[in-house]
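Visitor: Just need the whole structure built from these sequences, with the hints factored in.
As given, the protein sequences belong to chains V and P, one line each in that order. Here the first sequence is numbered in the numbering used here, starting from 1 and rising by one per residue. Here the second sequence is numbered in the numbering used here, starting from 489 and rising by one per residue.
Treat the hints as calculated values from the structure; they're not laboratory data. Here the structure is a predicted model, which means the values were calculated and not measured. Idealized CB from N, CA, C, for every residue including glycine. Zero decoy hints are in this set.
Using C-beta positions, here's what the derived DEER-type ranges look like:
hint, chain 1, residue 1, chain 2, residue 2, range
1, V, 272, P, 521, 22 to 32 Å
2, V, 230, P, 703, 46 to 56 Å
3, V, 227, P, 521, 43 to 53 Å
4, V, 198, P, 517, 47 to 57 Å
Taking lysine-lysine pairs in the BS3-like style, the calculated list, with each CA pair at most 27 Å apart, reads:
hint, chain 1, residue 1, chain 2, residue 2
5, P, 604, V, 250
6, P, 572, P, 559
7, V, 365, V, 250
8, P, 521, P, 604
9, P, 559, P, 604
10, P, 604, V, 239
One side of the interface only, derived from the structure: several residues of chain P facing chain V at Cβ under 8 Å:
hint, residue
11, 683
12, 685
13, 688
14, 689
15, 691
16, 696
17, 719
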Amino acid sequence: MTAFGKLIRTTAFRLTLVYLFLFGLFAASLLGYFAWNTRRLITDQITTTVDAEIGEIDDIYTRRGLRGLVFTIENRALRPGANLYLVTTPAGQAVAGNVGALAPGVMSKIGWTETFYRRLDDQDRGQHRALVRVTELSSGFRLLIGRDLEERRRLFKVVASAAQWSVLIVVVLGLGGGIFVARRVLRRIDAMTGTTQRIMAGDLSGRLPVGRSGDELDRLAENLNAMLERIEALMNGLKEVSDNIAHDLKTPLTRLRNRAEEALALSGSEAEYRAALERTIEESDGLIRTFNALLMIARAESGHARGEMDSFDAAGIVRDIHELYEPLAEDNGLALQVTSERAPVRGNRELISQALANLVENAIKYGQPQLALAAPGAEAATSTPTPEILIEARRDGDQVLLSVTDRGRGIPEADRKHAVERFVRLEASRTQPGSGLGLSLASAVATLHGGELRLSDAQPGLRATLAIPAHTGEGLASANTTPEPTPA
Amino acid sequence: MVLQHSKPSSDSDPNMRLLIIEDDRESADYLVKAFREVGHVADLASDGEEGLALADSGDYDVLVIDRMLPKRDGLSVIGTLRDKGNRTPALILSALGQVDDRIKGLRAGGDDYLPKPYAFAELLARVEVLSRRHGGPAEETSYRVGDLELDRLSHRVTRGGEELTLQPREFRLLEYLMKHAGQVVTRTMLLENVWDYHFDPQTNVIDVHISRLRAKIDKGFDRPLLHTIRGAGYMIRDGIR
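Guide: And the structure:
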């Protein structure tokens, strides 16, 4: 499309054309109305004066006869800017007046006529238009009195040229303005289009230009930029995930394959084969778990789970999770404590349970006090009471805080944001089993519920808090204790 | 194929007749073969219409239905069967997401739900449990395995006449195991039915509960009743297999 073609297709330009047409129409009708009224006024004036003069002259003729008439006519005809006068005999011969020539047949028609004429004293022999009235005097003489229409014509010319100029000015200004506005809009839109095309071509870092005026286009650009920001973040996340998937799924897959290969090469007993196969299955179970966790996160992040929200007291979840993990914590030499107050939320019970379970599992894995880790031999000697993990449900204003606090080594502040990302297993935890997805899922669940996952220093240890909006509406289900086992 | 968990529960479920409705040829063949190896009879249908016709006419103990099938969706097959009054237990296999998909499956008339990929041991255990429910006795007020007794009304558990003290959750755990005595019960089945959670924990949290329970019911007795089935789960049973 040519630049001009693009220009005239803009909305701004089309609007200009519409307005131009409307203004032109308005100006034309205004001038037309003015011209028509003026013309009527002039015509009225002429007929009134001519009628009056005819009465007057008729009177003079009655009183003073032909001589008086001729005298008066000759007299008046000599005045500057005079009316047109012509007196003819019944035979049609001119007797007096200032009219040199007339269109034929004018004198034979009684009444008002618009006609061409030439004055007697006219040198240019040009024809003029006039409005004349012919009357018959009592003796058969005919009298013509009329008025030149030059004035009316001149007036018309003025109006016509005024109309021309105004239309020209309207069109020029209108078109100019239209093109100016359209080009301004077009330039900005073109800039946006250019950026979007670059983005479509794969450069996600492009942003739309935002002006300073804060007008509707700027607001649009700002919103689009925010959207691009989000898309870029998602795409980067996706890329990171696929890189990490490649790494974290390929590693166990390679192990799996190596083990199978090794077993094939092995000429061992059935028991050895069996053991190799069992390890293979264990490995693939681990893979499946990682995969499930990834799917779960994807689901939580895409917001699909919103459909399965209901209202309940999160304190119930906290108590249930405590009950589920208490023996495991004890086996790991940790005391799992719980405190809970009423914490009404609206959400997906299953997802919140899982998020909390992940936090508790993390606390059990990494919650061993630093001392014991630093000096494993000293463990027996420490006389400190059993280190504890605290699960807590608390209401804080319009938020419900579900937190898990351990007394472990915690996460250095610099690493906390990083720790929530998928597959991230901080260096210190590489030796522990796990997919590295626990915190990411907890974070995704918190986001899904319009909240966030906060990691803070419990001095010592880590406090992981799911902060989600409290539910204040009606229909709160009673505190969730696990339902009776379904008959199965 | 090595199925080291081969047929752990032959006493309670002799030869089930299964219908597998699955369009992926390879997984279908695998299932048929695996079920045969543990002594069950499995028929195969490769699309929804064929599956519906077979399920409607045949006398099956359990239907194993893939969620997404050609010609007719798995949920629609179950729905149509239920509308016709056919109450054959149905287990849904699905590659779709978890929580809400499972709820949809159960609402459509499915009796159990297993997301893909799954371990065959898990599927087998669930199918056997479903089958017993179908033909088995109604809910009982008390269960007995060897000299271990559980009274559901008084919440009393005794072994050899000696009363055992169990926590409420331990009681429910034992109750579920005893209800399916002689059958393998997987960790996820326990988590689902005793705790009502449908995610798999990354840790051996269930094992710890089981070992606590085991300490209470088996410790000090010469014959253990609560067995660990490697690669599958747990089973309560009188006698060593």
